[in-house]
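What follows is the residue order along each chain.
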Amino acid sequence: MIKEGWEVVIGLEIHAQLSTESKIFCGCSTRFGDEPNSNTCPVCLGLPGALPVLNWRAVELGARAALALGLELNGRSVFARKNYFYPDLPKGYQISQYDQPFSERGELEMMTSVRDESGHAREWKPMKVRILRLHLEEDAGKNVHEGLPETDRFSYVDLNRAGTPLAEIVTEPDFRTSWEAYDYVNHVRRALQWVGASEADMEKGNLRCEANVSVRRTGEGFGTKVELKNLNSVRFMQKAIEFEIERQIELIESGGRVSQETRLWDDHLGETRVMRSKEEAHDYRYFPEPDLPPLVLPEGFAERVRAEMPELPEARRARFMDEYGLSYPDASQLTSGRALADYFERAAKASENARAASNWIRSEVLRELEAAGRGAEESPVAPEELGALVRLVDGGKISGKQAKDVLVEMFRTGKTASAIVEEQGLAQVSDAGEIERIVSEVVAANPKQLEQYRAGKESLLGFFVGQVMKASQGKANPKLVNETLLKKLKG
Amino acid sequence: MPITEADVKKIAELAHMEIADEELRALTPQMAAIVEYVEQLNELDTSSVEPATGGLTPEGERTPASREDAARPSLGQKLALEEAPDPSHGHFRVPKVL
Numbered sequence: 001m002i003k004e005g006w007e008v009v010i011g012l013e014i015h016a017q018l019s020t021e022s023k024i025f026c027g028c029s030t031r032f033g034d035e036p037n038s039n040t041c042p043v044c045l046g047l048p049g050a051l052p053v054l055n056w057r058a059v060e061l062g063a064r065a066a067l068a069l070g071l072e073l074n075g076r077s078v079f080a081r082k083n084y085f086y087p088d089l090p091k092g093y094q095i096s097q098y099d100q101p102f103s104e105r106g107e108l109e110m111m112t113s114v115r116d117e118s119g120h121a122r123e124w125k126p127m128k129v130r131i132l133r134l135h136l137e138e139d140a141g142k143n144v145h146e147g148l149p150e151t152d153r154f155s156y157v158d159l160n161r162a163g164t165p166l167a168e169i170v171t172e173p174d175f176r177t178s179w180e181a182y183d184y185v186n187h188v189r190r191a192l193q194w195v196g197a198s199e200a201d202m203e204k205g206n207l208r209c210e211a212n213v214s215v216r217r218t219g220e221g222f223g224t225k226v227e228l229k230n231l232n233s234v235r236f237m238q239k240a241i242e243f244e245i246e247r248q249i250e251l252i253e254s255g256g257r258v259s260q261e262t263r264l265w266d267d268h269l270g271e272t273r274v275m276r277s278k279e280e281a282h283d284y285r286y287f288p289e290p291d292l293p294p295l296v297l298p299e300g301f302a303e304r305v306r307a308e309m310p311e312l313p314e315a316r317r318a319r320f321m322d323e324y325g326l327s328y329p330d331a332s333q334l335t336s337g338r339a340l341a342d343y344f345e346r347a348a349k350a351s352e353n354a355r356a357a358s359n360w361i362r363s364e365v366l367r368e369l370e371a372a373g374r375g376a377e378e379s380p381v382a383p384e385e386l387g388a389l390v391r392l393v394d395g396g397k398i399s400g401k402q403a404k405d406v407l408v409e410m411f412r413t414g415k416t417a418s419a420i421v422e423e424q425g426l427a428q429v430s431d432a433g434e435i436e437r438i439v440s441e442v443v444a445a446n447p448k449q450l451e452q453y454r455a456g457k458e459s460l461l462g463f464f465v466g467q468v469m470k471a472s473q474g475k476a477n478p479k480l481v482n483e484t485l486l487k488k489l490k491g
Numbered sequence: 492m493p494i495t496e497a498d499v500k501k502i503a504e505l506a507h508m509e510i511a512d513e514e515l516r517a518l519t520p521q522m523a524a525i526v527e528y529v530e531q532l533n534e535l536d537t538s539s540v541e542p543a544t545g546g547l548t549p550e551g552e553r554t555p556a557s558r559e560d561a562a563r564p565s566l567g568q569k570l571a572l573e574e575a576p577d578p579s580h581g582h583f584r585v586p587k588v589l
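Taken in sequence, the protein lines are chains E and C.
The first sequence finishes on residue 491 if you use this note's numbering, and the numbering steps up by one all the way, no holes.
The second sequence finishes on residue 589 if you use this note's numbering, and the numbering steps up by one all the way, no holes.
Rather than coming from a laboratory, the hints here were simulated on the basis of the structure.
Possibly wrong hints are sitting among the right ones.
As the list claims (entries may be wrong) - Below 30 Å or equal to it, Euclidean Cα-Cα: the simulated BS3-like pairs (lysine-lysine) are:
1. E:Lys397 / C:Lys569
2. C:Lys501 / E:Lys82
3. E:Lys82 / E:Lys3
4. C:Lys501 / E:Lys225
5. E:Lys470 / C:Lys500
6. E:Lys470 / E:Lys487
7. C:Lys587 / E:Lys457
8. E:Lys448 / E:Lys397
9. C:Lys569 / E:Lys225
10. E:Lys404 / E:Lys349
11. E:Lys475 / E:Lys488
12. E:Lys475 / E:Lys448
13. E:Lys457 / E:Lys470
14. C:Lys500 / E:Lys225
15. E:Lys142 / C:Lys587
16. C:Lys587 / E:Lys401
17. E:Lys229 / C:Lys569
18. C:Lys587 / C:Lys500
19. C:Lys500 / E:Lys204
20. E:Lys142 / C:Lys501
21. C:Lys587 / E:Lys490
22. E:Lys91 / E:Lys3
23. C:Lys587 / E:Lys91
24. E:Lys128 / C:Lys587
25. E:Lys404 / E:Lys415
26. E:Lys490 / E:Lys479
27. C:Lys587 / E:Lys204
Unchecked claim - Here are some of the chain E residues that sit facing chain C, going by a computed Cβ distance under 7 Å:
28. Phe32
29. Gly33
30. Asp34
31. Pro36
32. Leu148
33. Val157
Unchecked claim - A few chain E positions that, by computed beta-carbon distances, are all more than 10 Å from chain C:
34. Thr151
35. Val258
36. Pro290
37. Asp342
38. Arg367
39. Ala419
40. Gly462
Glycine is no exception: its CB is placed at the ideal position from the N, C-alpha and C atoms.
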């Protein structure tokens, strides 16, 4: 919780690697994990005379990302050189965009929630976030500081990543808590994955974020902002922001001043520490990239990209509520990933009972998938098979309780529901004659209880039902058993 | 816009170059002269001319401005490192940073 009388201002920058096969300005592969420096060429090594040529797929994927986040595409944008020296940047400049970016003026609506002490979400509510810009740029290489000889004296450079296409997404300073920032990054991750723009996996480093954090006494102007880096997971980012808020408030309250600087999150120590102060910060001397023409989007480009994109999560959630009668939380859960949403929709159609399909997926299916460490797209039980199972229950062939066991068996063996029901002889007995026979036998075998029942002890009905179910090995249709028993017991 | 010694110092810093005092004294008027020369262009009214950015020569316009997303063979590790001053364990090795 933020201390009384203080307000926090947070802005976020996300770098997302776009899912292309080749780099943004040359034909080298973007594959992860290859031998160091093997996927390099004169362009991404920064050799003299080599010239960049733009990968059009990076433009299309950048456009998908921009449209999914509610940004407007600029018909004309300009690449620019951002100049600085670092061993992972062989040209001495990064090709980025500056005053004429690829897309601007975004606004998205996301869900956010206050968390309790243990980090559990309490009440989800919608929040609007303004996105300043999304631009295209190339990634730098990777400096290696450990795992090789004499790292106390040397750093090692791997340029396989140099030139990988990135979308940099910058928000306005719209967040007031660390959890809002947390929910935003997760929202962006899901949106980028959903439209296939990026794998957006923070562990692999193909989504990275930086946070600008400042505090002020309520009602005052902006405080000095501190830039946080080395946020290797969404949770680290949330913790780093939380730490930074407290640090800054304490500092000011004890008479100190926040200095404008970059700080790194150290998860072992659970604190942020200074990386560099702004006094020694870079002067990037941006200027237009003379080796690349302006990026001009062809007529109708945005519409074409939009048409190729899958239905976005928010739209799909609304449709699930509308079309299938799902509640808001259920529809939200089922649209947490595209594969899961697809799975639900196919199961809903096959089952002819969307509510039941939703319930099965949210409880049993997700539990089984989680236990197996699989996503919905790799489920051993096809959505159509789940639909068939739901139909067996709805048709009175098996009970809901039996169906749970059948589903576990389906996950274990990959067999269909009807095959398992048949093999295990699980089908309910709904044959009136057969049930009548069992009921008669049970009633005849328990004359004492029959007498008591007829004398008014109606609670004994449960006893008779139990006996019949036992005699039928649990297969008798309970509704039919009840009806038949009531008739028989009256005499 | 006259170039001062402070400007030259800053440019040297940004370029990670060490510069001696006598070099500073020699370079400042030379750089000032270059800037002054280029400043002649300011005599022209360019308010209605679009800034030229990248590849706008007739040759440039005929060059494809974009390409398909297809990976092509790269140099490979050995060739990439061949001209490096201090290659080691498949990497470019440099004095420690960070």
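Assess, step by step, whether the Cα of Lys142 of chain E is no farther than 30 Å from the Cα of Lys587 of chain C, and give holds or violated.
-> holds, 13 Å
Cβ separation check - Gly462 of chain E to all of chain C, threshold 10 Å = Non-interface label stands for Gly462 of chain E: nearest chain C Cβ at 69 Å, farther than 10 Å.
Satisfaction of hint between Lys3 of chain E and Lys82 of chain E, Cα-Cα up to 30 Å | violated, 39 Å
Taking only the CA atoms, is the gap from Lys587 of chain C to Lys204 of chain E under or equal to 30 Å?
-> Cα-Cα ~24 Å, so holds.
Let me know if the C-beta of Pro36 of chain E comes in closer than 7 Å to any C-beta of chain C, holds or violated.
-> holds, 4 Å
Minimum Cβ distance from Val157 of chain E to chain C below 7 Å?
-> holds, 4 Å
Given the proposed pairing of Lys490 of chain E with Lys479 of chain E, does the C-alpha separation stay at or below 30 Å?
-> holds, 17 Å
Holds or violated: are the alpha carbons of Lys128 of chain E and Lys587 of chain C at most 30 Å from each other?
-> violated, 44 Å
Given the proposed pairing of Lys91 of chain E with Lys3 of chain E, does the C-alpha separation stay at or below 30 Å?
-> violated, 46 Å
Would Asp342 of chain E pass as off the interface with chain C, using Cβ distances and a cut of 10 Å?
-> holds, 25 Å
Is Lys475 of chain E within 30 Å of Lys448 of chain E, Cα to Cα?
-> Cα-Cα ~26 Å, so holds.
Does the nearest C-beta of chain C fall within a distance shorter than 7 Å of the C-beta of Gly33 of chain E?
-> violated, 13 Å
Against the hints set out earlier in the document, violations occur for numbers 1, 3, 5, 7, 8, 9, 16, 17, 19, 21, 22, 24, 28, 29, 30, 34, 36.
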